[in-house]
Each structure stands twice: as structure tokens, then as C-alpha cells.
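Use the sequences and the hints to build the structure in full.
2 protein chains.
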Amino acid sequence: MIKKIEQSPLYKIVNPKSIAFLGASNSFAAMGTSCFASLAERGYEGELYPVHPSQEIVQGIKAYKNVADLPCTPDLAVMVLPTRIVCKAMEECGKKGIKHAIIVTAGFKEIGGDGVALEKELVGIALKYGIRFIGPNCIGVTNPHHKLNTTFLSDNSEPGFIGLASQSGSFVTQMTNYLSRMSLGFSTAFSIGNGASIDLVDCLQYLGACPHTKVITMYVEGIDRGREFMETARAIVPDKPIVALYVGGSETGKKACFSHTGTMAGPDMLYDGMFRQCGVIRATSLVEMFDFAWTLGNLPEPKGRNVVIQTHSGGPGATAADACGRMGLELPPLSNKTLDKLADLVPGTASINNPVDLTFSKNPKDFFQKIPGALLEDPNIHMLLTYYLMPLQTMQRPLVQMGLSVDEAQKGAYKMVEHACDAVAGLVDKYKKPLVGFTFRGMEEPFPAGLAKRGVPIYPSPERAVAALAVLARYSELKAAITKKP
Amino acid sequence: MIKKIEQSPLYKIVNPKSIAFLGASNSFAAMGTSCFASLAERGYEGELYPVHPSQEIVQGIKAYKNVADLPCTPDLAVMVLPTRIVCKAMEECGKKGIKHAIIVTAGFKEIGGDGVALEKELVGIALKYGIRFIGPNCIGVTNPHHKLNTTFLSDNSEPGFIGLASQSGSFVTQMTNYLSRMSLGFSTAFSIGNGASIDLVDCLQYLGACPHTKVITMYVEGIDRGREFMETARAIVPDKPIVALYVGGSETGKKACFSHTGTMAGPDMLYDGMFRQCGVIRATSLVEMFDFAWTLGNLPEPKGRNVVIQTHSGGPGATAADACGRMGLELPPLSNKTLDKLADLVPGTASINNPVDLTFSKNPKDFFQKIPGALLEDPNIHMLLTYYLMPLQTMQRPLVQMGLSVDEAQKGAYKMVEHACDAVAGLVDKYKKPLVGFTFRGMEEPFPAGLAKRGVPIYPSPERAVAALAVLARYSELKAAITKKP
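Residue numbers (the numbering used here), protein chains in the order written: chain A, 557 to 1042; chain B, 557 to 1042.
Warning: the hint list may mix true and false statements.
Because identical chains cannot be distinguished in the list, a pair is counted as satisfied if it fits within a single copy or across any two copies.
Stated by the list, open to error - Think about it this way: if two alpha-carbon atoms lie no more than 20 Å apart in a straight line, the pair counts; the simulated SDA-like pairs of lysine to any residue are:
(1) Lys684 to Pro794
(2) Lys921 to Ala585
(3) Lys560 to Ala791
(4) Lys651 to Met972
(5) Lys559 to Arg790
(6) Lys1009 to Gly998
If you're looking for bench data, these hints aren't it; they were derived computationally from the structure.
Now the structure itself:
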């Protein structure tokens, strides 16, 4: 394990002060050109040195004919070159004293045959010069906290707290839009490609030491250094959770992984056991992995597995209750003291078992503040799960009926939404207990978006919300198990 | 089983030519008022007769003091009244000759004690006058094809092909927005509440005969008439699929169902067995139920379980492949003839195993038409699953680089999206094989929305897409099993 983040070979790769870029040009069809454009679009603030055999200016920036000509030794070289010239370029970088590289170019181990030999040659050159590199056959890295994006897709997402170590480049570049919809973002994301020099273990060590990273996520097709992986994970898990998606466990998954990154995947059981022993939480899908990160990175640890469900509709309450039972969460009865507090707040038609089904809400302040407050005060309750509806139109209709113009009613409804979101977020701060919501409305609507913005996870189904609550309890248990052992 | 839809007691309830409305007023806080307003908002075209003891005009429509005063005998009475006067109102409706009612009012069997006796009394009155009714403790019905919505939430969603029989009102009223985002909608949806007169079996028979309904969905907390349910389902399944969500199987689910609708739920195994025997597909969540409806209602039947995956990114391809393996779908190799056809269409970096990973797309026409066309022509391939990215921005960037203005580039990109959607939808028509997509982009974006509009399902994760493809194969098998037996 590294003691300081600067010790990681990845430190200069994702926090470079200067970059030599090999493979960008003024021809907009080329991939390298897109990667280079992404750096500018993200607002990278360090020095950029495009290297091009003939063009003197690349995308408005002075270019150099050779790496040898560069006026300084950059922290990092990025290569998006034809396969046949990568080794030669690596040699030149080595001679220049460059110690870190990202090799996007494909056509190595993953194609078999000659590609395997070529990758060996590449690794040999790197070793000779003491270069550590990501790739080949990767998509690069993104570190929004450093305004760095070397991938070919532009990315202006907000910096976040999710670290990602991925054997797929797509999940680095193609998930930022997805995460943004939940007000989530990457702290740093690595696409390791074939992992010839830097592998998942290196990424794990970096992310473990990274101050911006609250949750580590991993997309895994196969782990080569099993022992080191487990030691590293065990060292990290007491401080931050690790969630991994492993897709090589099925026969079809195994074949697909092999043709993707040349990885030899192992059976599910092996990985299940390995993950369990080192406290890594296994997600069954990418969606679930980020669902888990949402609660793990935002919410306090629960003291146990007792949940209370607050709903104003029976069906959503019953589906949530069913999901709790299936995922090992308990729905204990409420204390008499809590029942007394609720008595004044709920309508006569309400059912104050657990789920607490209000049937309808007498007033918003009770629904968003007093009722959940009373539930969270109950010492036997560890977590709160709430069903939310809150379409703007239902708030606007009565305001219009009360005589407001449509415009005024809309403004009024927006204000009500903001107040409601503040109230809910305030509950987490006040009671230090996890609270999540679920809704079937779209994340583009102001209420779900407002909760997400304030760090309150709100899921598009009860099952996903319950799974994300259950993982909080699971993480506490995994941590306890690890710290107990010698 | 009914032979004609008009024989169903529900026919006049969801296709009424005239409605007596008891419980609407000009006081906008009342629930009945909202329900009445919803009828007007939906554009109901029949006669409306509000009944109110003192107000002469209700929401602009002439009101009557008593049911007896009505100028005709309406097809349907809707009651949103205080519990204590429901029986009296039912008696008056009976005397007037009204034969169908919706009773929204709660406070009957579901609260136990006196409520149980009150519900018996209500049923007795209905029997005396030959009245069939939905409820009590329900939210009403919606039949967009008849411009009918009796629920308190407004609903202007497009008519669709999904029939819903639900023991939860929320799932009738609170899912239209959800379904609209997928260009889906209800044919007719019933909230049966306590099911005192009309139950799930009646709904099933209606929806089985309903010409607008292509898929029947059910939210089930417990089935009372087990034998009739199974007979009805077996008669319907050869013509249209039935998908059911049952939430009473866990201990927590069972308790929640009881306090919601007073239903005695049974163990999971019992329901699993029952559903299997009569060909009903069990969904594990509401989201899954509508996911299934999306493919079942839009796509042709597959001839088997062989899938080909088309992707331009390895990670999404590998997760989809893993999901296929876990859900019993096969990824066979492609025929030599297919490989020959692909050779000219894919870039050199592509992997043409199954998944077919293009790594990038040489041109849109190949990606959206020629490549999937070649894959669907392969006689050994039964279904196609495609990973889509298609953010507008990636199409706009090269257009701007080519010299177009931002405005022109945006228009150009929108046009490309429309063409791509047309091409994909054309594949289903041409090859008569199921085709679904998955993406991590939002459904509000033009490409996913455009596919959905054309009836091509596109899911927000590979797992959901694969499950929805697998259910097509499962439905064929269930149908075959049922029609084989005597």
C-alpha cells in the first residue's frame, strides 16, 4: 500500500502539470483530435505540447515535430497513434525522460497473435526507461477536480466523489451524463484497457488515498493480482467502501470479456468469495453499482437494519415493504411515543403501522418535516424510506383555483418544491440517520432533482431504494468483520 | 368467461354514456371535487350529473339535490362521499335503477371492526338492486380511449395498449407520467380497492375481451377466487400475455397488504405455482412489469432464444452478454455468410464475435441499418440487442467543425436522429424479429424518445433489456404449454 497519494504511479497521470500529446491533428475525423479537443473543452490548465510530424499548429496550439524537440520534459505523454508506431514513440518518450503515459491505441494483447508480442515489446521499453503507463487499448482518464479529460468524448460534468477503476472505457466516458442526472460525478475515473503496466490494484491504491474519493467503484472483467487486490481492499474498506461489478462469471460474460480485453475471467463463486473476504461489495449491474455509491457516499451509517416506510399511497408502500423483507431489512412496529406524536399529524384515514400510510397529506410541512422527524426520533428506527410523488401540476392546480395566475401558481409551486427539498435534506443533518426516497416521476422534475442536488438519494423504484439502504447496513457489517480480524 | 365485452359488468363502468357524480362540490379542497375536475380535464364526452344537497351549480354544471331528481338513469354512479352516507346513497342509486357504481370512499373492510359490517351492508344493498360496483376504498378507473378519468389526479396521457387490474390506486393514477416517458399508455386501468363486488377476475375478463388491450398487467396483493382466476387466465394467455406483480409473498409484504386492502396474502411458492400453471408471467417489480409490457405489446414473437448483441463499446457489450447468460438466452456464433456481409461494413478494430463490437461506427447508415440488417438476416439469430449512445452533442461537434453554424448543426443532428430512428423501426417491420436497445442516456433525449415513439423499446440498462427480451421467449413457451394441454 502507498502511504501518500503522490507515491502512486497514477498521481502524475491524473494530475499532470504538462502533457505531450501524440496523435492529435487538425483533421477532425481522427480520434486523437477529439481527445485533444476534450482537454481544451474541460479547461485543462497545464501546459499542452502536441507532437505532429508535419502540422506546426494543432488546434491553435504550437506543435513539435518530435518528442525530442519539446522545450521541457512533460509529466505525461498521451498516445493516440497507429499501432505500428507506438513502440517507437514510447522509446522516444523514454529518451526524453517522460515517466508516465496513457496509451489509447488498440491492437495489442486483445487481438491475440502478433498483438501479444507487440504488447511484450511495449512493456519492455517502458521497463527500460522506468515508465508507468495506462493501456494500451484504453480510453484514457478523467479527473474533473484537475480539469483533466483525455478521452474522446467531451465531459463538462461536475466533479464528484465516485472513484472508478474500469476495464471498460465506455463506463468512464459514457456514464457522466447518467451520473449528472443524480447530481453525482466522478472524483477520478480510470480506463485501464489491457492493464499492461498499471492495473486495477494500482487504481485501487490511488483511489484509496485520493481525498476527493468517498466511494470506490470498479468494473471488473478479471483480476490478475488476486492477493495484492485483497490486501489493498482490506486496507481501504475500513475507510471507504468499495463496490465492484464483475461480469465474467457467466459463460457468455466470460467469452465477451476475453474478446474485449483478453482477460481470463473466473467463475462467479471464486469472485464472490474473494470479494466477501476483503469486504468488497459486489453489485449485480452498473446501475446497482452507482445506486450503491449514491447512499454510501452521501448518508451516515445506520445503527442497524430497522426501516420505517412513509408513504401516502398503499401500493407503493406495500411494494417497498415486500422489497425490505426480500433484502433482509426489518420493519419494526413504532414505539407508543412515536404513535402519540403521529396522532396529531396524520389524517383519520391513515394507517400508522409500518409502512406509515398517510393516504393523503394534510399539509406539506407535516409531510416533509414533522412526520419524518417523529419517525426518525424513534430510537428503534435506523433508516427512513419515503415514497414521493410531488408533480408540479398537483401543487399548481389548487393555487390556480385559489385565484393565482398560471404564472404565479408555477412560481409558487417551484417555491414549495424548494422548501420541501430543504426540509428533507435538513432531516439527514439533524437526525444523522439514512433517508432515501423513491418515485416514479422523472429525474428531470424539480423535486427529485432538488433532492439529488442536496445529496438525498431518490430512486426510480422501491426495489432500488431498498437495495441501496440495505447496502449501508451491509457495509457497516463488512467493516466490522474486517477490523475485528488480526 | 364472457363472450363479448359488453357482457362484462365493467363495460358500462369504463364506457359510460352518462355519470351521476356524488361528492363533487365547488370547494376545491375536497377530493371529490378533484375527481370531478379530472373528468372535465380528460375531455369526457358523455352526460355529467353532479348530485349535491345545496349547491345548484357544481364546477359550472347543473347539479341535482338527490339521485331521485336526475332527469334520466345514468349508466354509472361515482361516489366520493363520507363513509357514513355511502350505504344510503347506494340505496338511492338502486331505487333510481342505476346498475353500476364506483365507490372511492374508504373506511370499510380495510379498517376492520365496524368497517367489515358496513361493507357487508353495502354489498347487500347492491345485490338487492342488481348493482355491480368497483371499490370501496379505490381510486377509480381510467379509460383514455373513452376520454374517461374518474381519479383525483389529472391525466392527459395518450391512450395505449396496457390493461391494468390493480389492488393499488396509486399504480393507476401515478404511473401515467412514467409510462408516457416510454411512449406507453393504458388501454384501461382499474383500481379495485377492497374488491367487494368486482374483483381481479372480472377485470381480467374485461381486459381479455378489450380490443385496445394488447398486454394485461396486474398488481396483486392476494387473489380470492383462485380457480376462476386460473380458468380465466388460461383462456386469455393464448391470445394475449398477462404479467402480474405479486407483493404479498414476503412477511413484510404480507403485513403491508393486509393493512392496505385487508387482503390475506399467501406464500410466494403458492402464487408462483398458480401463475405458472395458467401461463401468467410473474414480474418481480412494477418497473419490470411495464418493461415486459413494452416488448410483449410491440414486438413479434421470437422463434427461439438466440440473441446477437451489437455494440460499439466493449464494456456495455460484456455486461449485456453476462446478462444474457444469466437469463437463459444464448449468444450463438454468426454464420459464415453473415461474417462475409459484415466484413465490408465494420472497421478493422472491430470484433465480430457475438457480441459484435464495432469499437466505433464508420457511418450511421451502416450502424443503424446495414449491420443490424445483416445480423437479423442470419437464420440462426432470433433477436437483436443493441447498445446505443447517440448524444446530440457528438453529432453536432463534427458538423460545427465542418463549418456549420451551431444552429444549423443542431438541426442537422436532429435530422440524423430522426433518420436513425426510422431506420431502426424499419428493421422490425422488415425482418419480423424482436429488436430492443439499451442506453445510459436519459429518455428525454431525442434518440431514445424517438425509438420509443416508434414502438422500439429502449431500456436504461442491459439487464432490463435482456430480461424484456427473455420474456418474449418465455411467453411463446407458456403459450405452447397451455395450448398443448386438453
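A quick look at each hint next to the structure:
1. Lys684 to Pro794: For Lys684 and Pro794, the Cα distance exceeds 20 Å both inside one copy (37 Å) and across copies (70 Å).
2. Lys921 to Ala585: between (56 Å within a copy, 17 Å between copies)
3. Lys560 to Ala791: For Lys560 and Ala791, only the intra-copy Cα distance (14 Å) is at most 20 Å; the inter-copy one is 69 Å.
4. Lys651 to Met972: Neither: 64 Å inside a chain and 47 Å across chains, both beyond 20 Å.
5. Lys559 to Arg790: within (15 Å within a copy, 66 Å between copies)
6. Lys1009 to Gly998: Close inside one copy (15 Å) and across copies (17 Å); limit 20 Å.
Violated hints, in rising order: 1 and 4; the structure is consistent with all others.
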